[in-house]
Amino acid sequence: EPEVTQTPSHQVTQMGQEVILRCVPISNHLYFYWYRQILGQKVEFLVSFYNNEISEKSEIFDDQFSVERPDGSNFTLKIRSTKLEDSAMYFCASSDSGFLAKNIQYFGAGTRLSVL
Amino acid sequence: QQQVKQSPQSLIVQKGGISIINCAYENTAFDYFPWYQQFPGKGPALLIAIRPDVSEKKEGRFTISFNKSAKQFSLHIMDSQPGDSATYFCAAINYSGAGSYQLTFGKGTKLSVIP
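Chains as they are written, first to last, in the numbering used here: chain C, 1 to 116; chain F, 1001 to 1115.
Hint data in this document are derived by calculation from the structure and do not stem from the laboratory. Worth double-checking, as some hints may not be accurate.
Said to hold, decoys possible - Quick list of in silico lysine-lysine cross-link-like pairs, DSBU-like style, CA-CA up to 35 Å:
id, chain 1, residue 1, chain 2, residue 2
1, F, K1071, F, K1005
2, F, K1110, C, K78
3, F, K1015, F, K1068
4, F, K1110, C, K57
5, F, K1057, F, K1015
6, F, K1068, F, K1042
7, C, K57, F, K1015
8, C, K42, F, K1057
9, F, K1005, C, K78
10, F, K1058, F, K1015
11, F, K1057, F, K1110
12, F, K1015, F, K1110
13, C, K57, C, K83
14, F, K1068, C, K57
15, F, K1071, C, K42
16, F, K1042, C, K78
17, C, K57, F, K1058
18, C, K57, F, K1057
19, F, K1058, F, K1042
20, F, K1107, F, K1071
In this text, all values refer to a predicted model and were calculated from it rather than measured experimentally.
Work the whole structure out from these sequences, hints included.
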């Protein structure tokens, strides 16, 4: 079964450093998403991406965050200057349809980001 | 407005029992309601979903009940098994524009099914 792949599984960084989280969505999917889950809390929407541009972003997704689809397979989330409160599990998701009933978002296993 | 409230936070059920998780929402713009199952170390995986014009949907041992007037929906797991032990998230989807749908998650319910 096709799956969303995220690397690395765990990223440790110093506060103020830049990190790039990588995702390979399912190959025929067109809609891409990033979510985060702070330990013990709910999964929160960060951003959606379609047709090489951001479709929607939450208030969490401030100027420190950016997303990119640098080639036909990868989808990245960059945090420019990490803060302690950015420590969380980051999930990438993708879907193949813009139709509501078929908008099944498939999630990767996540990248645990630890900011020290 | 964008919140989805989920309860209980944790649930312990005997094997063979019925697990019931409840969710409520405020935003009437939500128009699709999925449930996700998450095992430790894994991402959320879609379990079952329902449209608001349907009052109940059943897939195997999993049933969603939906009450549109009360803005509430619930997940019932019949004949609960130890393998069902996971965190369950209710969610709601609304169209956020430009062909994009936004998922709003509840806080999750950690289900433990004991033998």
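How the hints compare with the structure:
no. : hint                 : in the structure
1   : K1071/F with K1005/F : 11 Å, holds
2   : K1110/F with K78/C   : 31 Å, holds
3   : K1015/F with K1068/F : 31 Å, holds
4   : K1110/F with K57/C   : 28 Å, holds
5   : K1057/F with K1015/F : 23 Å, holds
6   : K1068/F with K1042/F : 31 Å, holds
7   : K57/C with K1015/F   : 42 Å, violated
8   : K42/C with K1057/F   : 25 Å, holds
9   : K1005/F with K78/C   : 30 Å, holds
10  : K1058/F with K1015/F : 20 Å, holds
11  : K1057/F with K1110/F : 22 Å, holds
12  : K1015/F with K1110/F : 15 Å, holds
13  : K57/C with K83/C     : 19 Å, holds
14  : K1068/F with K57/C   : 28 Å, holds
15  : K1071/F with K42/C   : 20 Å, holds
16  : K1042/F with K78/C   : 22 Å, holds
17  : K57/C with K1058/F   : 33 Å, holds
18  : K57/C with K1057/F   : 31 Å, holds
19  : K1058/F with K1042/F : 25 Å, holds
20  : K1107/F with K1071/F : 17 Å, holds
The structure fails to meet hint 7 from the earlier list, while all remaining hints are met.
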